[in-house]
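**Student:** Sequence:
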Amino acid sequence: MDPKSLIAAYFDAFNAGRTDEMLDLLHDEVEHHVNEGKIRRGKALFAEFNDHMTESYRENLTDLVIFVDDSGTRAAAEFVVNGTYLKTDPGLPEANGQTYSLPAGSFFTLRDGKIARVTTYYNLADWTAQVSA
Numbered sequence: 001m002d003p004k005s006l007i008a009a010y011f012d013a014f015n016a017g018r019t020d021e022m023l024d025l026l027h028d029e030v031e032h033h034v035n036e037g038k039i040r041r042g043k044a045l046f047a048e049f050n051d052h053m054t055e056s057y058r059e060n061l062t063d064l065v066i067f068v069d070d071s072g073t074r075a076a077a078e079f080v081v082n083g084t085y086l087k088t089d090p091g092l093p094e095a096n097g098q099t100y101s102l103p104a105g106s107f108f109t110l111r112d113g114k115i116a117r118v119t120t121y122y123n124l125a126d127w128t129a130q131v132s133a
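For the sequence shown, the residue numbers in UniProt numbering are 1 to 133.
The hints are simulated quantities; they were obtained by calculation from the structure and are not laboratory data.
From the three backbone atoms N, C-alpha and C, an ideal C-beta is built for every residue, glycine too.
Fair warning: there could be bad hints in the mix.
Stated by the list, open to error - Derived pair list, reagent style DMTMM-like, types lysine to aspartate or glutamate, alpha-carbon separation capped at 20 angstroms: (1) K114 <-> E29; (2) K4 <-> D63; (3) K4 <-> E21; (4) K43 <-> E31; (5) K38 <-> D89; (6) K87 <-> E55; (7) K114 <-> E55; (8) K43 <-> E21; (9) K43 <-> D20; (10) K4 <-> D112; (11) K114 <-> E36; (12) K87 <-> D28; (13) K43 <-> D112; (14) K38 <-> D28; (15) K4 <-> D69; (16) K87 <-> D63; (17) K38 <-> E48; (18) K87 <-> E29; (19) K114 <-> D63; (20) K114 <-> E21; (21) K43 <-> D63; (22) K43 <-> D126; (23) K114 <-> D24; (24) K43 <-> D12; (25) K4 <-> D24; (26) K114 <-> D126; (27) K4 <-> D70; (28) K87 <-> E48; (29) K4 <-> E78; (30) K114 <-> E59; (31) K87 <-> E59; (32) K43 <-> D24; (33) K38 <-> E21.
Unchecked claim - The calculated label-pair distances, taken between Cβ atoms and stated as ranges, are: (34) G105 <-> A9: 15 to 21 angstroms; (35) P90 <-> D24: 17 to 23 angstroms; (36) N123 <-> S5: 17 to 23 angstroms; (37) K114 <-> L64: 16 to 22 angstroms; (38) N96 <-> T73: 22 to 28 angstroms; (39) F107 <-> T54: 20 to 26 angstroms; (40) D112 <-> Y57: 26 to 32 angstroms.
Generate coordinates for the entire structure from the input sequences, incorporating the hints supplied.
**Tutor:** Printed below as a string of structure tokens:
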């Protein structure tokens, strides 16, 4: 699978709620750099993160634009996260079904035809303001 198709498949699986398919696209030694928190290394920790997120949030990504460098080893995506806050996440505001929409971006390292690094950024203060309103 070419790099752009790999990243598109990753986001298609996310939007469809098929986190098991996301795992299939990851390198065994994947590094997951989350917006707030420590780096998670390996598919098992990525799967745990996905389980937690699925329990606490329902999200759909729109306005997706994917970029791939000439070497095919680095990629990025820009998108809008449209979500519903389902279950209170420790240290964050109380959840009661609030909706939110915020711009975000992800950066990828690709190796051996798989995603070896996922780094995602969004504005936590913007999200907090939206769910606290």
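**Student:** Given the hint that K4 pairs with D24, test it: the Cα-Cα distance must not exceed 20 angstroms.
**Tutor:** 16 angstroms, holds
**Student:** Check the following: the C-beta atoms of N123 and S5 are separated by a distance inside 17 to 23 angstroms.
**Tutor:** 29 angstroms, violated
**Student:** Could you grab the alpha-carbon distance between K4 and D70 and see if it respects the 20 angstroms cut-off?
**Tutor:** 11 angstroms, holds
**Student:** How does the Cβ-Cβ distance of F107 and T54 compare with 20 to 26 angstroms: does it lie in that range?
**Tutor:** 22 angstroms, holds
**Student:** Would the pair K114 and E55 pass a check requiring their Cα atoms to be no farther apart than 20 angstroms?
**Tutor:** 26 angstroms, violated
**Student:** Would the pair K38 and D89 pass a check requiring their Cα atoms to be no farther apart than 20 angstroms?
**Tutor:** 16 angstroms, holds
**Student:** Take a quick look at whether K43 and D24 sit within 20 angstroms of each other, Cα to Cα.
**Tutor:** Holds - the C-alpha atoms of D24 and K43 are around 9 angstroms apart, at most 20 angstroms.
**Student:** Taking only the CA atoms, is the gap from K114 to E36 under or equal to 20 angstroms?
**Tutor:** Measuring from Cα to Cα gives roughly 24 angstroms; hence the hint is violated.
**Student:** Does the hinted range 16 to 22 angstroms hold for K114 and L64 at CB?
**Tutor:** Between K114 and L64, where Cβ atoms are some 20 angstroms apart, the hint holds.
**Student:** Taken at face value, is the distance from the CA of E31 to the CA of K43 at most 20 angstroms?
**Tutor:** With a Cα-Cα distance of about 9 angstroms, the restraint between K43 and E31 holds, given a limit of 20 angstroms.
**Student:** Sort out whether E21 lies within 20 angstroms of K4, counting only the CA atoms.
**Tutor:** 16 angstroms, holds
**Student:** Hey, K114 versus D63, does the alpha-carbon distance stay inside 20 angstroms?
**Tutor:** Not satisfied, since the Cα-Cα distance of roughly 23 angstroms exceeds 20 angstroms.
Of the hints listed earlier, those the structure fails to meet are numbers 7, 11, 12, 16, 18, 19, 21, 22, 26, 30, 33, 35, 36 and 38, in rising order.
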